[in-house]
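Here is how the chains run, residue by residue.
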Amino acid sequence: MQSGEEYWDLFFDEVETHLESLNHQITNLESSPNDVDIVHEIFRIVHTIKGMAATIGFQSIAKLCHKMEELFDFYRKNPRSVENSTIEIEIKALDSLYKVVESISENGEELSSCNKISETLCNELIEELNKLQVSGVNLSVTEDKNLNSIIKQKPIPKANQFKVKVKFDEDCQMPSVRAFMATEVIEKNGNLISSVPDKDQFNDVEIISEGLTASILASQPIENIKENILKISDVIKVEIEAIAEEKDKQYTSNVTRSLEENNSLKKSSPLEGINPLSLDHKMIIERLNEKEQEELFNGTLKAYHIDLLLAEDINNPEEQLINLVNNFNDYIGHVIHSIPSLEDLEVLKLKRPPTQTISSIINSESELADHNEEKQRRKMQFILLINGTHKNVLDFLSDACEINKVEVKEIKVSSPDKKTVENNTENLQKHEVNEAVHIAQPKAKHSDIKTTFVRVNLGTLESLMNAVGELVINHNKIKLSMGDSPSSEILSTTQYLNQVTTKIQQLVMSIRMVPVNQVFSRFPRFIRDISRELKKDVHLVQEGENTEVDRIIVDELNEIFIHLVRNAIDHGIETADEREKYDKPKSGLIKMQAYSHGNNVFVTISDDGKGINPDELKRKAIQKKIITIEQAEALSKDEILNLIFATGLSTAEHVSDLSGRGVGMDIVKSKVSSLGGRISINSILGEGTSIRLSIPSTISIIQALLINNKSGLYAIPLSEIKEIVSINIRQDLHQIGSCSIIVLHDQVIPLVNLEKYLQASSPENFIEDLPPESLVVVVACEGNQYGLIVDSLVGQQEIVIKTISNRANPEGLINGATVFGDGRVAMILNVEKIIKLYLNDNPIEEIPEGFLLEDQGNDFDERIPLLGK
Amino acid sequence: MAESLISSNQYIIFTLVKETMGIPIDLVREVISLNSHTLYQIPGSPDFFKGVINLRGQVIPILDARSKLNFGLNSPPPENPKSIIVQCDKEHFGLVVDDVEEVATIEDSSIEDAPGHLAVTHKDRKIGRISGKDNDKDRFVFLLSKEFLFDDNNSKGSLIPSQFRKMLNEVSNKKTD
Chain A
91 MQSGEEYWDL
101 FFDEVETHLE
111 SLNHQITNLE
121 SSPNDVDIVH
131 EIFRIVHTIK
141 GMAATIGFQS
151 IAKLCHKMEE
161 LFDFYRKNPR
171 SVENSTIEIE
181 IKALDSLYKV
191 VESISENGEE
201 LSSCNKISET
211 LCNELIEELN
221 KLQVSGVNLS
231 VTEDKNLNSI
241 IKQKPIPKAN
251 QFKVKVKFDE
261 DCQMPSVRAF
271 MATEVIEKNG
281 NLISSVPDKD
291 QFNDVEIISE
301 GLTASILASQ
311 PIENIKENIL
321 KISDVIKVEI
331 EAIAEEKDKQ
341 YTSNVTRSLE
351 ENNSLKKSSP
361 LEGINPLSLD
371 HKMIIERLNE
381 KEQEELFNGT
391 LKAYHIDLLL
401 AEDINNPEEQ
411 LINLVNNFND
421 YIGHVIHSIP
431 SLEDLEVLKL
441 KRPPTQTISS
451 IINSESELAD
461 HNEEKQRRKM
471 QFILLINGTH
481 KNVLDFLSDA
491 CEINKVEVKE
501 IKVSSPDKKT
511 VENNTENLQK
521 HEVNEAVHIA
531 QPKAKHSDIK
541 TTFVRVNLGT
551 LESLMNAVGE
561 LVINHNKIKL
571 SMGDSPSSEI
581 LSTTQYLNQV
591 TTKIQQLVMS
601 IRMVPVNQVF
611 SRFPRFIRDI
621 SRELKKDVHL
631 VQEGENTEVD
641 RIIVDELNEI
651 FIHLVRNAID
661 HGIETADERE
671 KYDKPKSGLI
681 KMQAYSHGNN
691 VFVTISDDGK
701 GINPDELKRK
711 AIQKKIITIE
721 QAEALSKDEI
731 LNLIFATGLS
741 TAEHVSDLSG
751 RGVGMDIVKS
761 KVSSLGGRIS
771 INSILGEGTS
781 IRLSIPSTIS
791 IIQALLINNK
801 SGLYAIPLSE
811 IKEIVSINIR
821 QDLHQIGSCS
831 IIVLHDQVIP
841 LVNLEKYLQA
851 SSPENFIEDL
861 PPESLVVVVA
871 CEGNQYGLIV
881 DSLVGQQEIV
891 IKTISNRANP
901 EGLINGATVF
911 GDGRVAMILN
921 VEKIIKLYLN
931 DNPIEEIPEG
941 FLLEDQGNDF
951 DERIPLLGK
Chain B
64 MAESLISSNQ
74 YIIFTLVKET
84 MGIPIDLVRE
94 VISLNSHTLY
104 QIPGSPDFFK
114 GVINLRGQVI
124 PILDARSKLN
134 FGLNSPPPEN
144 PKSIIVQCDK
154 EHFGLVVDDV
164 EEVATIEDSS
174 IEDAPGHLAV
184 THKDRKIGRI
194 SGKDNDKDRF
204 VFLLSKEFLF
214 DDNNSKGSLI
224 PSQFRKMLNE
234 VSNKKTD
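Residue numbers (the numbering used here), protein chains in the order written: chain A, 91 to 959; chain B, 64 to 240.
If you are wondering where the hints come from, they were derived from the structure by calculation, not from laboratory data. Please note that a few of the clues may not be correct.
Claimed, not checked - Here are the simulated DSSO-like cross-link-like pairs (lysine-lysine), alpha carbons at most 30 Å apart as the crow flies: (1) Lys153/B with Lys761/A; (2) Lys153/B with Lys567/A; (3) Lys153/B with Lys593/A.
Model, not experiment: these values are computed from the prediction.
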């Protein structure tokens, strides 16, 4: 028993995420070994893991992390290109971390083997560090004297830390220059730890004229420094304060922070420093007549820069924005410039239908995909001229529209020196003061780009979803019990209730969605390892990492992708020599692309390797007795390629001489179809292979066709359905052997007596009982089509899938059930399983030759573009 | 393991064709009247599953205790069957019984294995004694365990009413000796 055992689950959960990102970052570092940010990030992650492990008491992890951290700490302090050997060893250490974590979670304790692993690696890490330190001494001295000297003096002797407050004369003409001079004095006689305002804010006249407060580390007597600062003109007062002990920590952290800031400052390009307000400024000067300019300068007119983001559930953002601008112009002032412009907005408004945010649960997935675009629509920037104060603007804004976020900055222009204003934009900056007022949230900073996550147990989400479902059902009950003429108040309340529940349902769905990047991010490392193992030069391109998929599906995808990518490298990509012979770039390309469309997520995994030889494939298939020679002759090229998914096409010993990837493609296919998805392949000999998956973005809500049969109400997933036809039993029905078939679009479609599989006591000869006009739902299964005979259609609807225990559903005839608003329950049919049962009853021999090989003909089977085509 | 730790020694006592049985209260979520719910068939399910019901939005498979135990199949069905909603491996099932009587406390010391020489033995078959109050005699009930209900390998294990009676009698005679 170890202490803190109750936190183990949490620990393993979190550590896994950290290891994943560590994996990702180290792989990144390998491709850009000069990136200091990555080194910092890695250091941070390792440090976090170390802390967590130490708290819980996993010494082997903590020790190993500590050594890994030390190594990166070296690079942190000595900015230089990270050695390959370092990356090698860190990857090794990372793998060991994985091993140790796995071992602990499996055995429930830290075995001695963990310590052994940890120790071996610690030694290697120490060796690497020593090696680096020997070679790195010179570097560290020359690289950045200031930075290193500060860190090396850690902990900073308290006696030398001071707070220096510098006050400038009120009439000081150039306070920013004075401030720079003061910092220069400080830096000559010691180190500037941090300052308020920051160096980059010195240009803001109003801020800097308030004075400068700097925390410094003095290397000279503090009195000297004070004297020297006082020598600067316009400095009227210098206060010195020794830094109190309890603040120590804070300042140490300030040291690191300011160091990091210095680093980022160094890297930022000069352009980034330009305040966007200066552009506004220019705009104001250009658009205003002289009188207005005059008023602006003396303060009767005020100019504001407003960044606006409308609230989310607004139906027609363009209209709102147009109204807003018009209202401004009519009532309080003058909008002199806006992005997007009024004209653009009008165009956009006409072009786009109003969004249906409230009306549909249903479209939540596609909405998510459009989220960014949608957000863009709610954004606007404009410059406003008014008589009045800030408060008026904000009041007016919040009255006029529902706002998610707004930022109002006053653009101040002090008395005009026209020559400089007109000719020198650089000077303009000096006159500018921005005062930001935030309602709601502060504007997103760089650090906000990283999404912050709250960990939620999937089970909790499931319960939440169920609770929302109950809410919907009860809402419907209320509606039913209201009778014909409810009071308008009740009516509007229930309508509102409906909106709220719908919204909650959408939100719960969106919580379940995670970016596919969770899987994608494992692949750079995976490909690196595989390509080394197989001695092939491969690089990876990933697109659409942000495509969102249901959490449950994401986990399944990983396995599928690993299979496909491995196959692509193993059998697809040629060796470097071969590639050169074929005039291909030396390094092979693997491309993973994801995008969402409708309810589906499409993932393409392609390579520019040698492709699949159809003749070879055909030969194998015949040899394996999957098809006969005659059948093979009749196959189109696509059909041949699809043979790759056939069960039993290849066993291990045949893989190597087959041009493609026989291994386990049938497994991949069955996995994909168990997720309700489809897979297709396209390959051109010598140019590459591309495999496309289409997977429902969520498996908890699907589009389904509801049908009524004798035994009850059923739902058939819409993704399985090709079409619905009404047939005339006398004319359209044909009998081949024991099979009843119809012919549709020149295809033979066997009819399946659905009822027979749903209800044990259904009559065998169902045809006789059919009404003269019968409905047939044509479904696609394994590339063939089958007709399910149904009694009546109820409609198409989005349904929430509720799983049903395998104990009650041992054969898997259904894929769960769904509950309707009125409380009824319908079973969701597993079409594939029903067809399988049908094929068992009607063995293939009886089905006319050639029919099995009919063209797939589903819309999914459109040609997949190959890489570079 | 965890279950035995929180076990409260309490059992839901129910009747099935005149016989009394018990099920640990830890397994039970609630008891509902089945007549107020519509049953929906599950295609391809084993016979002892009568279908599913919609219990406040949750789809719950209904397991007929008579069919599952192969017990009293020829007796007339109860007029107002109850369903005990039990939880097993995070899944919920409804167990259809004739009636639910009470919640009784049965100490571990009052529980013993069902006599081995009778019928098909199963290690999870236990007989419990409920101490009679006042002048009532002690009662002996057959205790169902989770394993007995849901272990699919033993789904064929059935109880035969006459043997069941005999089994209970034997235990009760032994106890009163």
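Now the hints, each set against the structure:
Using a Cα cut-off of 30 Å, the hinted pair Lys153/B and Lys761/A holds, with the two alpha carbons roughly 25 Å apart. Restraint check for Lys153/B and Lys567/A: satisfied, since their Cα atoms lie roughly 29 Å apart, inside the 30 Å limit. With a C-alpha separation of about 28 Å, the suggested pair Lys153/B and Lys593/A falls inside the 30 Å cut-off, and the hint holds.
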